[in-house]
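Chemist: Residue numbers (this note's numbering), protein chains in the order written: chain A, 1 to 90; chain B, 1 to 90; chain C, 1 to 134; chain D, 1 to 134.
To be clear, the hints were calculated from the coordinates, so they are not data collected in a lab.
Everything numeric in this text was worked out from a predicted model, so none of it was measured.
Please note: incorrect hints may appear among the correct ones.
[Said to hold, decoys possible] The list that follows gives simulated cross-link-like pairs (lysine-lysine, BS3-like), each with its CA atoms no further than 30 Å apart: (1) K112/D with K66/C; (2) K42/C with K130/C; (3) K54/D with K42/D; (4) K5/D with K49/A; (5) K133/D with K48/A; (6) K76/B with K42/C; (7) K42/C with K5/C; (8) K14/A with K5/D.
[Said to hold, decoys possible] Covered stretches of chain C (in silico footprint by chain D; criterion: 3 or more residues with CB under 8 Å from a CB of chain D, positions within the stretch not fixed): (9) 18-27; (10) 38-50; (11) 58-66.
Idealized CB from N, CA, C, for every residue including glycine.
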Amino acid sequence: MSKEFKVLYFASAKDATNLSSETISFPSSNPSSISLQELTQILKSRHKKLGKILEHSMYAINMKYVEIDDTSIFVKEGDEVAVIPPVSGG
Amino acid sequence: MSKEFKVLYFASAKDATNLSSETISFPSSNPSSISLQELTQILKSRHKKLGKILEHSMYAINMKYVEIDDTSIFVKEGDEVAVIPPVSGG
Amino acid sequence: MTEPKKDFVKLTTDVLVLQEIVDLVKDNGAGAITTFNKTVIKLDYESYIPMAEKVLLTSISETRSKWDLIKVAVYHRLGTVPVGENSVIIAISSVHREESLKAVEWLINQLKEKAPIWKKEIYSDGSVWKENKH
Amino acid sequence: MTEPKKDFVKLTTDVLVLQEIVDLVKDNGAGAITTFNKTVIKLDYESYIPMAEKVLLTSISETRSKWDLIKVAVYHRLGTVPVGENSVIIAISSVHREESLKAVEWLINQLKEKAPIWKKEIYSDGSVWKENKH
């Protein structure tokens with residue numbers, strides 16, 4: 001079985017993907033860890049409408065916010081990645 | 001009938017005078033108007049224990065605060081004067 | 001048509017119920033409601049009631065000049081207030097949250113500084129009138 | 001002996017009742033309770049619930065590092081909130097009034113900025129996800 005990570009979609013990202021969540025396998029080129037730049041490319045290629053939303057979103061990895069262009073962060077096997085559009089609670 | 005004004009006592013001033021209010025006649029020397037300095041003298045002479053409390057109190061004349069040493073203010077016939085010790089609402 | 005009442009000031013020996021006072025300031029246009037309430041150990045309050053009402057209405061009017069508020073309620077209990085009950089409740093509604101938040105803080109400070117209301121703490125060895133620090 | 005619970009965070013589709021949330025933060029030592037609540041026109045809320053709980057508990061912990069607070073409750077409603085009902089209630093108790101007053105304001109701002117919660121306004125010609133301004 002290939003290694004996987006999970007992606008959660010909320011609000012406008014959920015509308016754009018028509019998904020609450022999905023499980024994605026690591027690419028054969030990077031079988032156990034990808035950068036956030038690779039993550040963004042993978043998500044964009046899977047969901048046409050998501051590109052524009054990602055420009056204004058953050059990621060949360062295992063419920064911790066990371067900037068979408070943080071080059072020091074990698075997604076690893078079993079991670080839970082969330083696409084977090086601008087929040088509007090209250 | 002001589003001209004009068006009314007004095008209200010609250011909190012520590014009420015305890016010191018054992019009165020909630022009293023009606024006082026103007027002195028024959030000033031039959032229709034007295035200064036706050038005269039008022040203070042009159043109240044002190046009527047109530048021994050009030051002197052110390054007046055040092056830290058304000059007056060209200062017809063429900064408007066006045067400084068106890070304001071020389072521009074006079075008590076006139078029918079006025080309602082209140083002795084206002086330091087407030088502690090809330 | 002009469003203007004709906006927007007300012008509510010009451011000095012009362014009745015129990016103060018938070019929800020009732022919040023209901024006074026509810027409004028279709030009010031997105032935000034901030035409340036402040038104080039509970040006490042057993043205390044006795046007295047007031048120069050008509051002047052306190054006048055002073056509090058003036059303080060409300062000053063508060064309204066500083067922030068855009070919808071409705072304002074200031075209730076103060078008098079007489080003996082049992083342990084754990086509310087002595088004062090302020091509730092303010094506004095369109096935007098910043099306004100009711102700032103206004104409640106300012107108004108409780110005005111009340112404590114200016115309203116002719118006094119509290120007496122009751123100790124086993126006697127009572128003492130308190131003084132608010134400015 | 002277990003420490004009594006002092007922080008209360010809930011994301012729920014249930015109706016939020018102010019008095020119940022105030023009761024959570026009541027305490028014998030708490031002289032002052034400040035609350036903030038927001039009522040809405042019809043709105044839909046959704047949340048990344050476990051992360052929102054974590055973010056709000058962290059925000060409460062930061063709030064406690066700034067002010068001396070007794071108990072803190074943050075309740076946020078999710079799903080469809082009918083007109084005039086509460087979307088969020090914050091209640092904080094403290095010994096001194098300044099602390100709960102300042103802390104409520106700070107914490108509602110933290111919630112709006114950081115908690116992964118989204119609201120959707122429902123118009124006759126479609127829905128739109130909102131964005132909080134910082």
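Chemist: Next step is simple, just say for each hint if it's right about the structure.
Modeler: Status of the hints after comparison with the structure:
no. : hint              : verdict
1   : K112/D with K66/C : holds (24 Å)
2   : K42/C with K130/C : holds (13 Å)
3   : K54/D with K42/D  : holds (27 Å)
4   : K5/D with K49/A   : violated (45 Å)
5   : K133/D with K48/A : holds (27 Å)
6   : K76/B with K42/C  : violated (40 Å)
7   : K42/C with K5/C   : violated (33 Å)
8   : K14/A with K5/D   : violated (35 Å)
9   : 18-27             : holds (count 4)
10  : 38-50             : holds (count 3)
11  : 58-66             : violated (count 0)
Taken one by one, the earlier hints fail for this structure at numbers 4, 6, 7, 8, 11, listed in ascending order.
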